[in-house]
Amino acid sequence: MRVRISAAIAGFAVIGSLGFSAAGPAGSADPLRAVLSPLNPAFVRALERGDVRHPSPQDITPLQGLLPFVDPTLPSAYDLRDEYRVTGIRGQFPVVTCTIFGLFASLESTLKPYETCDFSERHLDGGSEESDALEANVGAMARWSDPVLEDDDPWEGGTPYDPARPAVKHVQKVVFLPPRADALDNDRIKRAVMDRGGVAVEMRFSRSLLNDTYDSYYTTVETPDVHAVAVIGWDDLFAKEKFTPRAPGDGAFICKNSLGGNFGAAGYFYVSYYDAFFGRFSLPAVVLAEPASGLIENYQYDPVGCTARLGFSSETAWFANQFVAVSNDPLAAVSFYSYGEAGEYEVFVYTGAAPGLPQSGTLAAQFAGTLTEAGYHTLRLPEPVPLAVNERFSVVVRLRSQGNNYPIPIEHPVPGFDADFNALPGQSFISSDGQIWSDLVTYEGPTYARSNVCLKAFAGYAPVYPPAYLRVERLVNDLIFYKEYVDRLSWAVHPSNTEPIAAYRIYRKEKGAPNDSYVFLAETGTTDLSYYVRGLTATSAYAYRVTAVTASGRESDPSEVVD
Amino acid sequence: MKKTALSIVILLAWAGLSPAQTWEAAVAGGYRTLKDSALREIYGNGFVVAPSLSLAMSKTLRVGAEYEFGYSKNAAIGMFEDPSTLKVRGGHLFVQYGERSGRFRPFIKTGVGIFAYQFDVRTPSQPTVNVSETDVSFFIGGGVRAFFTKRLFGTAELKYVALWVGSYDDKVDLGGIRLLLGVGYDF
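In the order they appear, the protein sequences are chains Z and W.
Residue 8 is where the first sequence starts when you use the numbering used here, and the numbers rise one by one after that.
Residue 10 is where the second sequence starts when you use the numbering used here, and the numbers rise one by one after that.
Simulated from the structure, these hints should not be mistaken for laboratory data.
Given the structure is predicted, the values throughout are model-derived calculations rather than measurements.
Among the clues, some could well be false.
Unchecked claim - The calculated SDA-like cross-link candidates involving lysine to any residue, where the alpha carbons are at most 20 Å apart (straight line), are: (1) Lys44/W with Val121/W; (2) Lys490/Z with Glu142/W; (3) Lys490/Z with Val121/W.
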C-alpha cells in the first residue's frame, strides 16, 4: 500500500477522512524501490556451519574498510582500572552468553565513576530475543526491558524472566565502532575507551590459546567460538614475544573477560593488536545509559531490535512512525539507528496526525543535525512537544547515512532469530523523498508484513541523575562507656544534572533483604553531602540508597553501594 | 575489700563506745584531677567537697568516714559532640595515723569505700545513653592538721583516690589526685 501525502495536503489530512487506505493520487507510488540490506556474511556462515553462537546479522559493510582513524594524542598505555571505571569480574558459567557480559561490562563502565552498578545478565539473557546478537541485546535495552539489577535477578539462582520488571537505567545511546581494518587500526577503540569507558568487542576465542605465563592471547586461526569481552585499556609496548605464537608486533588491548576471577590475570587478559579476529568481523560497541527517571514513556514498534535495513539505493531515505499518546507527558526525544560513520538527519514531529498520513496534522517540532558515529542515537527535541492522551502523532526522519545505501533501520525477521516479530498497518512508513510514503507492513506484499521501522519516540523530562560517588563507611563513636556504631554516607553532586537539586533522600534495608524492602530513612538538604546513620550496633548491617530530588519534586534513580 | 570495710566499721563502733575517745568533724574542699586521660580531655579536672567524721582510737590512730561530692561536669562528647554529663561521688571509711600533739600534726591515711558514677549522653537520634553504676574505691594520702586553738584546726591533705570502673571494652580510672583544704573541730 502506498500513501502519498504532501506538505500541501497535510493540513487537510487532519480531517481524518483520508485513512491510510485512501492512498494518494493515482500513479503516486514511490518510483524508487526499497531494497533490503544483505545479511552479514559472517552471520550466514555461522548459520550454515551450525555454530552455537552467531555474530550480528546486520550488514556492516558501510563501516568496514574505513580510513584508519589516527589520534596522536593517545597515550601509549592506558587502563580504566586506574580511573576506577571498571566494575568487578563476572563469571558467565554455566550459560554461554558472553555478548551480554561484554555489553554490560561496557555499560557498567560508562556509568563509572559516578555510579557503580551490577546489572543482571540473566535478565538480559531472558529479555533478548537472540542473546548472541548485538542488535537483539541492544534492542532489549532500548525497549527498556533491561538493565535490571543483579540483586533482583542474580545469575545463579535467579527467578524466571520477568518482563514486567522495569529497567533501572534507560539505554539511550549505543555507539557502534567500525571494525578494525588492520592490526594498527586501534585508535577508535582507544579513544572510545578513554572518552566513554569499556568497549564490548567480539573475537574468536579458545581457552587453550591463552598464554598462561603472560595472560596473553593471539590467534590467526578461526576458532569455532565467538566470544565477547570488554576492552578496558591497552599497552602499546606489550612485547610480541609474550604471545603464543609470537605476534608480528608489540601491543595489546587489556580486556575484561567474563570467565571469573581465576581466568588470566584475575579475570583480565591481553589480546594482541595483531589478532586476526579481535574486533574485525563485527561492531565493537559502547553502551551508555541515562537515569530511568527522565524519559518515562517509550513509544515504539521495534521491541526485538534493529535486525536489518532498507534503502532506496541512496544514502538518503525517509522513515516515519505514528503513535498514539498514552499520557499527557510531553514528547521529549526520538531515537533511531544509523550504520554510517557519519550522517545528517532532520526530524519532524507532527501532532494531531491523521492515521496513515505521517506528515499530517500540525508540525510541532523540526530540527536537524549531524551524526558523527554509527549506533543507536537518542535525539532530544529542542523544546518538549505537548501531547494529549489518545492524540496521534508522527515522528518523521530524513536520514543521510554516509556510505550506507540502507539508511532505514527496521526490525525484520531474519533466519536464526527466534523472535516474535509483529507489525500492524499504520505504524511504520518509508519514503525515498518525503513526498510519497509507503506503509511498511503492506510494502511489496507480505515481505514486510512483520516489519517495523526502528524509530522510537520518548515522552518525559530531563533526566535527574543520582548522587555520584556514593560511599558508606562504618564508624565507631567512642563514648567511653558506650560504643555507638555509625554508618556515614557521603556523595557528590552529579555533574550531569541540568535541574537544580533541592534535597537528597536516603533509604535503607537490611543487607540481604530484597530490594523492595528499602524504606525511607531521612531527607537532607544540599549543603552537607553526607548523612550519619546513628544508633547502630556492631552487628547492624544495612544497605543504603540515596536519591536526588529536584525543586519540582522529581526524584532521581537511586545510587547505591555495590559490594 | 568488703571485709576490710566491715572491720573498720566494727572498729569504729567499738571505739565510739569508749568514753576516752574524741570525735573530730571536718569539712574540706579543693581540686581533684581525673586520672583517665580520655575523660579528662572531655570533662577536665574539677572541685570537690568532702565532709568527714573521725574518731581517735589511740594517740596516733583515728578511724573515720568521709563523703566526697561536687564533681559534676557537662561537656560535649564523641564525634557528634553530643551533650553529656559525668557525675562522680561516694564515700570512704578510712584509718588515719598521725601525731596527736603539737600545733602542726602531720598524718597519713588510707581507706576504702563505694563510689557512684553517672554518665549520660543526650543524642538526637536515639535513646539517651545512661550509665549509672557503683564501684569500690580506695585511697591513700597524707597531710597536716594545724590547730588554731585547742580544738579548732585547719587541714591540708593530698591523696590519690583510685576508682576503676568498667567502660565498654576496658577499665577506666575515674579516680585521681585530691588537693584539699579544710577546717575541723575536735570535740
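Exercise. Just pull the numbers of the violated hints for me, sorted ascending.
Key: 3
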